[in-house]
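Trainee: So the protein sequences, as listed, match chains L and E. Every letter in the first sequence is one number past the one before it in this note's numbering, and letter 149, counting from 1, is 162. Every letter in the second sequence is one number past the one before it in this note's numbering, and letter 251, counting from 1, is 277.
Keep in mind that the hints are not guaranteed to be accurate.
In silico EDC-like pairs for lysine to aspartate or glutamate, Cα to Cα no more than 20 Å straight-line [claimed, not checked]:
hint, chain 1, residue 1, chain 2, residue 2
1, E, K286, E, E65
2, L, K22, E, E206
3, E, K286, E, D70
4, L, K15, E, E65
5, E, K310, L, D114
6, L, K22, E, E119
7, E, K236, E, E283
8, E, K97, E, D85
9, E, K310, E, E249
10, E, K97, E, E249
11, E, K286, E, E119
12, E, K286, E, D81
Short derived list, chain L residues pointing at chain E, Cβ under 7 Å [to be verified]:
hint, residue
13, L27
14, N47
15, I51
16, Y68
17, R72
18, Y107
19, V130
20, P133
21, I159
22, G172
23, S238
No lab work stands behind these hints: they were computed from the structure. Glycine included, C-beta positions come from ideal geometry on N, C-alpha and C.
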Amino acid sequence: MKPGRLIGKAILVLAGFLAVFPLLWTALNALKNNVDIITRVPRLVFTPTWANISYILGRDSVLTGLYNSVVACGSAVLIGVVLGLPAAYAVARYPNRWAGDIQFFVLSLRFLPPVAVAIPLMVIWLQVGLYDTLPALIITYCLLTISVIMWLAIPAFQGVPKEIEEAAFVDGYGAYSVFWRIALPVAARSLAGAVAFSFVLVWNEFLIALMLSSSNAKTLPIVASELSQQGMNVPWGILNASVVLLSLPPLLFLGVLSGFLNSVFRQKKT
Amino acid sequence: MARRTSLPVTFVVPTIAILLVLSMVPTLYAIVIALQNRELSTPDYSWVWLSNFYDLFFDRRFLNAVWVSVKWEIVTVVATMVVAIGLGVLMFEVASPRLRNVYCLLFIVPVLLPRVSAAFVWKFAYHPLYGIATYPYRLITGGLIFDPLSKPATALFAVASVDVWQWGLFFAVIVLKLLETLPPQPIEAARLDHARRWQIHAYVTLPMLKAPLISLMFVKMIESLRSFDLIYVMTRGGPGVATETLDMYAFSQGFIESGKVSYASAMAVLMMIATVITFTMLWKRVQA
Chain L
14 MKPGRLIGKA ILVLAGFLAV FPLLWTALNA LKNNVDIITR VPRLVFTPTW
64 ANISYILGRD SVLTGLYNSV VACGSAVLIG VVLGLPAAYA VARYPNRWAG
114 DIQFFVLSLR FLPPVAVAIP LMVIWLQVGL YDTLPALIIT YCLLTISVIM
164 WLAIPAFQGV PKEIEEAAFV DGYGAYSVFW RIALPVAARS LAGAVAFSFV
214 LVWNEFLIAL MLSSSNAKTL PIVASELSQQ GMNVPWGILN ASVVLLSLPP
264 LLFLGVLSGF LNSVFRQKKT
Chain E
27 MARRTSLPVT FVVPTIAILL VLSMVPTLYA IVIALQNREL STPDYSWVWL
77 SNFYDLFFDR RFLNAVWVSV KWEIVTVVAT MVVAIGLGVL MFEVASPRLR
127 NVYCLLFIVP VLLPRVSAAF VWKFAYHPLY GIATYPYRLI TGGLIFDPLS
177 KPATALFAVA SVDVWQWGLF FAVIVLKLLE TLPPQPIEAA RLDHARRWQI
227 HAYVTLPMLK APLISLMFVK MIESLRSFDL IYVMTRGGPG VATETLDMYA
277 FSQGFIESGK VSYASAMAVL MMIATVITFT MLWKRVQA
């Protein structure tokens, strides 16, 4: 039994190392001069430099990309919250004969291949003159955020004990104020997880942004991927710095999302 | 809670109406475009009906892309599930509760990375001369070059490994949480019967988790279809057409090479029909 446990622990340590080491290495490379990156033997000791990071933060294209990403993802998530949460609550609490169909419809939006959506949208946005603008991107992203938030919020609202809501009705609250004052606050933690999840999804989105923008509305992932195409003389340090910048916002939600996972599975137990 | 209130209507109808418009307009328009011969370079077009679809069946690159996509689905889904179940069970067996939390946190990091970032991180790591992942090989062989991304035989697996790195580790966390929700009695009973640990999991716990594990696999099958960003950054479908999946080929036909938007749309429509039929059938079976 003992050697088996030891091997098991070793495998876990190795997996944990594999999970984060590549990213840490990228972060280290972002602090290196090119000569320290292009070595046959990887270098752990080097004189750090801020040059890559300040270059990235000083470039207009990166700042525009960052701005576009924040505005597009932020607005789409906001619209997703405003439209998705109430709808999810109604499906969860007022089930009717369409509830099952609605849930399946929301899930089925996830099957649609992104290319199948992006090609016609590109033609449509070109025709109405909104191609390569933030509104076009935001409207397109809403499809993603509303459906994801609804999909995750329905079980979150179902997890709210019915008795609390019943008690509120008895106290004379109307249906809307029960939603506002009882259901939303009680389910807040799970809902925050759902919202964070939808933000991570649209922040990471690439194909739609690539097809719906050519210069003005480029999001950060597109700008980052373009940096890599600068000819033969690859600016490795700068690339690594842009990867780190791109990865930071989703990582900020690490705590929220792991708490979300915990709460989802704790509900199942009861 | 059968109360007379306008809430369900005011909350559901606008949202579903917007979702319907946002999803149906592009979907129907994709079909319309696929029946025409639009190109990006000219505004003129005419109706060609099914000829785009007809051409596809004689397009060798398209047939190759179908095959690559099928391979991609099988490799990533199977590998993800194997990694997830293996690591999930391992965490359940040998890690203390506090350590489990640490591993869970570490294992969620890769899936949060934008796929563009993940692709870059590993593209550097796989660099034949300076990469950290190819370093052990250089060290052992005394400087020989190993370039997994530019060999047709290994490129698909090299890209797939990044996908499994992102999803397999994340799913391991979910498998662990699922194991933790199981009632302890059957495991205790099996232990009293002197079952070995692997037997307990193979015959008791995993069969109990069959339904959620199948749902998990279902989610992975859907997500595996969205491989475009990884492939775009790491190989651009190359070397040759070794990693050219359907969405990559549709993109390069529609935008990079010839701007044949209609031809690309025909491909996308076929993909859409195939995925909607397959996943609807699978979903009904999972739910049943």
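Trainee: Now, for every hint given, state plainly whether the structure supports it.
Mentor: Hint check:
no., hint, in the structure
1, E/K286 to E/E65, "5 Å, holds"
2, L/K22 to E/E206, "19 Å, holds"
3, E/K286 to E/D70, "13 Å, holds"
4, L/K15 to E/E65, "66 Å, violated"
5, E/K310 to L/D114, "12 Å, holds"
6, L/K22 to E/E119, "9 Å, holds"
7, E/K236 to E/E283, "45 Å, violated"
8, E/K97 to E/D85, "19 Å, holds"
9, E/K310 to E/E249, "18 Å, holds"
10, E/K97 to E/E249, "15 Å, holds"
11, E/K286 to E/E119, "55 Å, violated"
12, E/K286 to E/D81, "13 Å, holds"
13, L27, "10 Å, violated"
14, N47, "10 Å, violated"
15, I51, "5 Å, holds"
16, Y68, "17 Å, violated"
17, R72, "17 Å, violated"
18, Y107, "4 Å, holds"
19, V130, "5 Å, holds"
20, P133, "4 Å, holds"
21, I159, "6 Å, holds"
22, G172, "14 Å, violated"
23, S238, "5 Å, holds"
The structure shown violates the earlier hints numbered 4, 7, 11, 13, 14, 16, 17, 22.
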